[in-house]
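Trainee: For the record, the sequence lines run as chains E and R.
Residue numbering for the first sequence follows my numbering, starting at -19 and increasing by one per position.
Residue numbering for the second sequence follows my numbering, starting at -19 and increasing by one per position.
For the record, the hints were derived by calculation from the structure and aren't laboratory data.
Since this is a predicted model, take the numbers as computed values, not measurements.
Don't take every hint at face value.
A pair holds if it fits inside one copy or across any two, identical chains being indistinguishable in the list.
Below, a list of computed lysine to any residue pairs in the SDA-like style, where the Cα atoms sit at most 20 Å apart [said to hold, decoys possible]:
(1) K118 / D243
(2) K261 / A133
(3) K261 / P190
(4) K278 / V54
(5) K261 / F244
(6) K4 / R106
(7) K278 / S289
(8) K119 / P245
(9) K119 / G240
(10) K118 / R106
(11) K119 / P60
(12) K261 / D250
2 protein chains.
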Amino acid sequence: MQQISFQAPYLIFLGSETNPTYAKTGAGIVQWQPERCLGQFNLPGGTVDLGLPQLSIAEAAAKGAKSLVIGTAVIGGAIPESWVEVLEQAAGLGMDIVAGVHTRLSDIPSLAQTALEAGVKLIDVRVPPKNLPVGTGKKRPGLRLLTVGTDCALGKKYTALAITKEAQDRGMKATFRASGQTGIMISGAGIPIDAVVADFVSGAAEVLSPDNDADHWDVIEGQGALHHPGYGAVSMGLLIGSQPDAFVVCTEAGREVVSGWPDFPLPSIDEVIERTVTIGKRTNPGIRAIGISVNTSKLSQEEAVAYLSSLESQHGLPATDPIRFGATKIVDAMESFS
Amino acid sequence: MQQISFQAPYLIFLGSETNPTYAKTGAGIVQWQPERCLGQFNLPGGTVDLGLPQLSIAEAAAKGAKSLVIGTAVIGGAIPESWVEVLEQAAGLGMDIVAGVHTRLSDIPSLAQTALEAGVKLIDVRVPPKNLPVGTGKKRPGLRLLTVGTDCALGKKYTALAITKEAQDRGMKATFRASGQTGIMISGAGIPIDAVVADFVSGAAEVLSPDNDADHWDVIEGQGALHHPGYGAVSMGLLIGSQPDAFVVCTEAGREVVSGWPDFPLPSIDEVIERTVTIGKRTNPGIRAIGISVNTSKLSQEEAVAYLSSLESQHGLPATDPIRFGATKIVDAMESFS
């Protein structure tokens, strides 16, 4: 009952990508975990630059790279033939290979064979660990914060990362807990909760944030939304198993319907708070909202300030856009949490 | 995007079982679907009698059996070596093989080979169909009833089966929709919802109860309980995707804590109704409770009558124990539903 995890330092593999948009995973790793990154490697024609030293596979191995991490998306999700040789070279030189693409690394026979011979691991961050338990509901020591949402794809991962970094910068004990593939790639550990069989979702969430020091915060990346017509079950299991003491509601200014489900209006922040508390108190009676995180990218700076201020008055909670204004206010609330 | 389904008539295979308790699946099939059962087959030493004609594999094949259904549980969940020869004989004579045991039938190489050569299917009712979709939340034509619970294992399947039979006996259009392995074995179709990956649970529930006539009832077997600390996510996804018009709350008289989770008090019937409506109205604004189904096995007949009567007064809903008193009252509520 272990999480997925992989070892730093990394060589980040960028294929022959020329569009930085498709290298978001690699860029995220460099943004949030620069100390884990040793270098980058492009194939001929590739132009994406993450600002890391350019290293060949052999150079990276000589400098002690422990993992080759695939930092780009690929059209269709499959691994191009031209990559396999590179991955095999890295595996042969002792690096684990880490990917979040659709093809399973172990389904490439020659790569699987090379990895076996070299004694390295092929780590697919989309594949949950085996033998996950059913949730116990038992209260675990340590403090937990979960980012929840009015919808998918509006900043739950970013919010959790920003909170964790701010807390760590202040010297607080805090760990980001990744529940999705990109978060796992960025942090080097986690469980892809949405890929877990339904019976074991809350158990997986328990494994994701295990027993810890009484003053340690697990900052857990939320998934989906309780009100989501497609993914509500994922959010439910993650909430029950995370048993958060505190949660932050993430939303996007101007989003009015569930993205991709236009018949479903976005729930209000109050509705999300009420439902999260109602369900979450089953495994943590003390659960409460401590902040609001808003993606204000559709607003001007001035509008954003006014909007956040109005949310603070309305809900009596600190509200921020962590990209624009940082996570200070929310981490203040964590510091004074009791 | 199909449900699991298999063809009647069946030969029910009982191995060398001597204890009727371990042949509950076979007994359930005979109880609820006698018209689908052609005969039974025991191995030497087996004494369980479901009251069906004793047929050899060859006799069953000659009489047109389409499926051999394994009607007993086995210790450890694995298929004994002594069974494989029998299963291969049946497969060789054109029968599909249906099982709900832990070992996958297709993982027995000689059986897989025989099935391939004979052009028959190996159907594992624990394995969900491939390529299930994400839930759309779109309202589907037809009426739907879901049995929900205060806990696991207190009669949600039985209640749904009893309601379906009573409705069909009255000439109403009604179909039992199985969401668990035993229900699938009994009814010959369904999806094991708890084995579906979390992202696709509500989508699986949509596939389970597809578009139907406006006056047709799908009577959907519930799973778990929204208040369950281990299985809440399963119940959530099933509720969202089933989009029931009506639900029946199932409970057990005298059960005070969640079975196996002694730190968790059983929710009240009112709490279950409130939470089911709160969550369910997202995909069906008209959702409402229409009855209460109680397992009164711990009460005397007199106590049961008094208890059900008190529940009816308290909740303003018909209450019955379908094993003792049938599902009449609940089907009355369905007939007058509008």
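Trainee: Please sort K261 with P190 into within, between, both or neither, judging by C-alpha distance up to 20 Å.
Mentor: Result: close within a single copy only, 19 Å intra versus 34 Å inter.
Trainee: With 20 Å as the alpha-carbon cut-off, assign the pair K261 and D250 to within, between, both or neither.
Mentor: For K261 and D250, both the intra-copy (16 Å) and inter-copy (17 Å) Cα distances are at most 20 Å.
Trainee: At most 20 Å between alpha carbons: which applies to K119 and G240, within, between, both or neither?
Mentor: This pair counts as between: shortest inter-copy Cα distance 16 Å, intra-copy 36 Å.
Trainee: Tell me, please, which holds for K278 and S289 at an alpha-carbon limit of 20 Å: within, between, both or neither?
Mentor: Intra 16 Å, inter 58 Å, cutoff 20 Å: intra-copy only.
Trainee: Within a copy, between copies, both or neither: where do K4 and R106 come within 20 Å Cα-Cα?
Mentor: within (17 Å within a copy, 38 Å between copies)
Trainee: Is it within, between, both or neither when you check K119 against P245 at 20 Å Cα-Cα?
Mentor: between (34 Å within a copy, 15 Å between copies)
Trainee: For K118 and R106, with the copy left unspecified, which applies at a CA distance of at most 20 Å: within, between, both, or neither?
Mentor: Neither way: K118 and R106 sit 27 Å apart in one copy and 28 Å across, limit 20 Å.
Trainee: Could you figure out if K278 and V54 sit no more than 20 Å apart (CA to CA) within one copy, between two copies, both or neither?
Mentor: Neither: 28 Å inside a copy, 60 Å across copies.
Trainee: For K119 vs P60, is the C-alpha pair at or below 20 Å within one copy, between two copies, both, or neither?
Mentor: neither (45 Å within a copy, 41 Å between copies)
Trainee: Treating 20 Å as the Cα threshold, decide for K261 and A133: within, between, both or neither.
Mentor: For K261 and A133, the Cα distance exceeds 20 Å both inside one copy (25 Å) and across copies (24 Å).
Trainee: At most 20 Å between CA atoms: does that hold for K261 and F244 within a copy, between copies, both, or neither?
Mentor: Classified as between; 12 Å across copies, 26 Å inside a copy.
Trainee: At most 20 Å between CA atoms: does that hold for K118 and D243 within a copy, between copies, both, or neither?
Mentor: Classified as between: cross-chain Cα gap 8 Å, same-chain 38 Å, threshold 20 Å.
Figure legend: structure checked against the earlier numbered hints; hints not met, in rising order: 2, 4, 10, 11.
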